[in-house]
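The task is simple: from the sequences and hints, build the whole structure.
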Amino acid sequence: DTAVSQTPKYLVTQMGNDKSIKCEQNLGHDTMYWYKQDSKKFLKIMFSYNNKELIINETVPNRFSPKSPDKAHLNLHINSLELGDSAVYFCASSPLASGGLGETQYFGPGTRLLVL
Amino acid sequence: AQSVSQHNHHVILSEAASLELGCNYSYGGTVNLFWYVQYPGQHLQLLLKYFSGDPLVKGIKGFEAEFIKSKFSFNLRKPSVQWSDTAEYFCAVNAYGQNFVFGPGTRLSVLP
Chain A
1427 DTAVSQTPKY LVTQMGNDKS IKCEQNLGHD TMYWYKQDSK KFLKIMFSYN NKELIINETV
1487 PNRFSPKSPD KAHLNLHINS LELGDSAVYF CASSPLASGG LGETQYFGPG TRLLVL
Chain B
-17 AQSVSQHNHH VILSEAASLE LGCNYSYGGT VNLFWYVQYP GQHLQLLLKY FSGDPLVKGI
43 KGFEAEFIKS KFSFNLRKPS VQWSDTAEYF CAVNAYGQNF VFGPGTRLSV LP
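First to last, the sequence lines map onto chains A and B.
Counting from 1427, one number per residue, gives the positions in the first sequence under my numbering.
Counting from -17, one number per residue, gives the positions in the second sequence under my numbering.
What the hints contain is simulated information worked out from the structure, not anything from laboratory work.
Don't take each hint at face value.
To be verified - Derived Cβ-Cβ restraints for the label pairs, each shown as a range: (1) 1495/A with -2/B: 26 to 36 angstroms; (2) 66/B with 1503/A: 31 to 41 angstroms; (3) 1440/A with 12/B: 40 to 50 angstroms; (4) 62/B with 1446/A: 38 to 48 angstroms; (5) 1440/A with 42/B: 37 to 47 angstroms.
Said to hold, decoys possible - Simulated pairs of lysine-lysine, DSSO-like, Cα-Cα distance not exceeding 27 angstroms: (6) 43/B with 1466/A; (7) 1467/A with 31/B; (8) 1470/A with 1448/A; (9) 31/B with 1493/A; (10) 1493/A with 1470/A; (11) 1478/A with 1435/A; (12) 1467/A with 1435/A; (13) 1470/A with 1445/A; (14) 1448/A with 1435/A; (15) 1466/A with 31/B; (16) 1478/A with 1466/A; (17) 51/B with 1470/A; (18) 31/B with 1470/A; (19) 31/B with 43/B; (20) 40/B with 1478/A; (21) 1497/A with 1470/A; (22) 1466/A with 1435/A; (23) 1435/A with 40/B; (24) 1466/A with 1448/A; (25) 43/B with 53/B; (26) 53/B with 1470/A; (27) 1445/A with 1493/A; (28) 1448/A with 1467/A; (29) 31/B with 1497/A; (30) 40/B with 53/B; (31) 1497/A with 1435/A.
All C-beta atoms, glycine included, are put in the ideal place defined by N, C-alpha and C.
This is the structure we're talking about:
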């Protein structure tokens, strides 16, 4: 009965590779997000999708491409991985459109990415 | 755009001590305020939230927070901490038309 799930939990890969992280939510929420948490625990929003439509695209290299096949899924594909991409990536979902008041975000367990 | 600051980077307390973690935000309009907790190696979990009404909100695990609009603050408190409260604590703000913004986090270490 996991609300927001991510796979894989850990990802170790070489520089230059392409990898994907998957996220699914079974809460019936309309909006999903990707956050990056760096080694200092700082959380920064990367993307937000509302009903499969991109709403927020913060200053993120275009090597990062989100894909939302339906409103319950938001995957993150990363091309040409770099050392600086090493971080924990969290998926989240909320019932309201991004920017709406009354929004609570529910987080997935995170994917720890290590680029060697 | 709003920003969120948290006063302390790392707080170390002994068990049974009282806790207060500071959070200030910069935004003049209506906001929703949140505290999330991240236990070691785990995801963020919602501790409590303020949307409207009574500015003193109670959350899970004995935590509470007080919204003081005039001070743009939303400090988190707990009268007596336990070793199991060791975690990273994040304050977050949501304002209409703005992204959800997290503070930099405060690491709490509770010594047994």
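>> So if I understand the rule, the pair passes when the alpha-carbon distance is 27 angstroms or less; does residue 40/B with residue 53/B pass?
In response: With Cα atoms ~20 angstroms apart, residue 40/B and residue 53/B stay inside 27 angstroms; holds.
> Has the given pair, residue 1497/A with residue 1435/A, been kept, meaning a C-alpha gap of at most 27 angstroms?
Replying inline: Satisfied, since the Cα-Cα distance of roughly 22 angstroms is no more than 27 angstroms.
> Taking 31 to 41 angstroms as the hint, is the beta-carbon distance of residue 66/B and residue 1503/A inside that range?
Replying inline: Given range 31 to 41 angstroms: holds, Cβ gap about 37 angstroms.
> Does residue 1470/A lie within 27 angstroms of residue 51/B when you go C-alpha to C-alpha?
Replying inline: Judged against 27 angstroms, a Cα distance of about 25 angstroms means the pair holds.
> That 38 to 48 angstroms hint for residue 62/B and residue 1446/A (C-beta), does it hold up?
Replying inline: holds, 45 angstroms
>> Against the 27 angstroms threshold, does the CA-CA distance of residue 1445/A and residue 1493/A hold or violate the hint?
In response: OK: residue 1445/A and residue 1493/A at ~13 angstroms, within 27 angstroms.
>> So if I understand the rule, the pair passes when the alpha-carbon distance is 27 angstroms or less; does residue 1467/A with residue 31/B pass?
In response: holds, 21 angstroms
>> Given the hinted pair residue 1466/A and residue 1448/A, is their Cα-Cα distance within 27 angstroms?
In response: Cα-Cα ~24 angstroms, so holds.
>> Does residue 43/B sit within 27 angstroms of residue 31/B, going by the straight-line distance between their CA atoms?
In response: Holds. Residue 31/B to residue 43/B sits at ~14 angstroms (cutoff 27 angstroms).
>> What's the verdict on residue 1466/A and residue 1435/A, does the C-alpha distance respect the 27 angstroms limit or exceed it?
In response: Cα-Cα ~19 angstroms, so holds.
> Does the structure keep residue 1467/A and residue 1435/A at a Cα separation of 27 angstroms or less?
Replying inline: Cα-Cα ~17 angstroms, so holds.
>> Hint check: residue 40/B vs residue 1478/A, CA-CA at most 27 angstroms. Holds or violated?
In response: violated, 35 angstroms
Consistency with the previously given hints fails for numbers 1, 9, 16, 20 and 23, ordered from lowest to highest.
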